[in-house]
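K.L.:
Residues per chain are reported as follows:
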Amino acid sequence: MFSALDISTSALVAQRTRMTAIAGNIANVTTTHNEAGEPQPYQPRYVVFQADPGVGAHGAAGVRVAAVKADTEVQPRYKYEPGHPDAIREGPWKGYVAYPDINIMTEFTDALEAARAYEANLGAIEVTKDMAQQTLRILA
Amino acid sequence: MNAIGPMRPTGIAPPAAGLQAKPGGGAEGFKDILLQSVREANALQQEADAAVERMAAGEDVTTAEVLTAVQKADIAFKLMMQIRNKLVQAYQELQAVRV
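As you go down the protein sequences, you meet chains A and D in turn.
In our numbering, each residue's number is its place in the first sequence (first place is 1) plus 5.
In our numbering, each residue's number is its place in the second sequence (first place is 1) plus 1007.
Bound-form chain D, shown alone (with noise of 0.2 Å):
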């Protein structure tokens, strides 16, 4: 029972007390790991914001600098949403076990 413990997304039922994984454990969560994914993206998002900001306000910034800071972006946001969707699938796929 413990196994399936760390895919256990918190805040859809109050979990009973022994399949929670541990606090500080080690154990990441489902929950925890799309957060840093989500987290990774969005620094990454802001800073090619930041960037467009920059470059739009007439800052000597490099044309180049802003189109990477752009393009690390959306390669983190691609793969933050496949990971996303892989734990989705996860969790569907154990939803729909019949217990």
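Just chain A, with the same shape it has in the complex (with noise of 0.2 Å):
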């Protein structure tokens, strides 16, 4: 009888982990070093879903977090700001500063995604609490 509540509840957390690195890359489209503090613009962060069956009961499966990924692949966004500390000293992209390529409307049509499938879980997990009360209507 709970199974449908677990699989709704682990999409809620997977849905607010995926939130959190939206959050991250919001934050971060203007950073230009790395953790290790060495300058590189940051890597967007994305979040990888995979079917948990071990959540759920009679073949339906639970979702959670496979990975959080980092975009190495993704190509640098060059600003001419020849004053900023971290613009780059020589070559072509002289007097250029290299901003992660993170568009912020993508960005925020991911967050408006991740909320409104937070919304249709939290619908599901009330469909579900009510079907259980209705049951209890057999015996009353």
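Treat the hints as calculated values from the structure; they're not laboratory data.
It should be emphasised that the depicted structure is a prediction, and the values quoted were computed from it without experimental measurement.
C-beta: ideal position from N, C-alpha, C; glycine also.
Do not rely on the hints blindly, as some may be mistaken.
Residues from chain A that face chain D, not an exhaustive set, calculated with beta carbons under 8 Å [as the list claims (entries may be wrong)]:
| # | residue |
| --- | --- |
| 1 | Leu17 |
| 2 | Arg21 |
| 3 | Lys134 |
| 4 | Ala137 |
With a cut-off of at most 20 Å between alpha-carbon atoms, the simulated DMTMM-like pairs for lysine to aspartate or glutamate come out as follows [as the list claims (entries may be wrong)]:
| # | chain 1 | residue 1 | chain 2 | residue 2 |
| --- | --- | --- | --- | --- |
| 5 | A | Lys84 | A | Asp115 |
| 6 | A | Lys134 | D | Glu1047 |
| 7 | A | Lys99 | A | Glu86 |
| 8 | D | Lys1085 | A | Glu131 |
| 9 | A | Lys134 | A | Glu124 |
| 10 | D | Lys1085 | D | Glu1054 |
| 11 | A | Lys74 | A | Asp57 |
| 12 | A | Lys74 | A | Glu112 |
| 13 | D | Lys1085 | D | Asp1056 |
| 14 | A | Lys134 | D | Asp1081 |
| 15 | D | Lys1085 | A | Asp115 |
| 16 | A | Lys134 | D | Glu1072 |
| 17 | A | Lys134 | D | Glu1054 |
| 18 | A | Lys74 | A | Asp106 |
| 19 | D | Lys1093 | D | Asp1039 |
| 20 | A | Lys74 | A | Glu40 |
| 21 | A | Lys74 | A | Asp115 |
| 22 | D | Lys1085 | D | Asp1039 |
Two independent chains are provided; combine them into the complex using the hints.
P.N.:
Below you can see the structure in the form of structure tokens.
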């Protein structure tokens, strides 16, 4: 009876993790140093979901976060800022600063999608709860 | 006479040997059914308590998981209460039977 609740909850947790990654991408939209402090534009993180039959029952599966991966292929977005401490000193991009190529619009669309998915799963929980309570009416 | 045996609550009066449900014979008594549902509800309640405690202690648990645990405990408790009500009602109806 509770496996439907568990499945919806696993989705809530997964969407929340996804929102964390999106928040991180938005927060680091102008970050020019990596975690080690080296000058490298922030690599946007993307969450990979995986079906998780361990949560469900009767063939239904929950969802879990398989990995949060950094986009290592992404090309930086160059912005001409010769006075910036991270400006490139020589080469064709002299005077430019390498910023992460994160599109705020896309990130916000993803955030909205995560919020709607969260809402949908809350709706599913509501329905499951209702069904459990309606069942009690057989006895009452 | 054996048909009402399983509904007899133990601990109220020592049952006559012939009326007792045979232990291990697959027959579940009034007490067993009630106890089982109480145990299930209790286990979920303890799970919910532990989850709430972890959240209050500031551990890294998601609120969704905690609230789901609480809700599961609530549903299990309601179900347990309904089963209990039904069993007690059946018992009382039997008691009202004039011998």
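K.L.:
Can you list which hints this structure breaks, lowest number first?
P.N.:
As far as the earlier hints go, 5 and 15 are violated by this structure, in ascending order.
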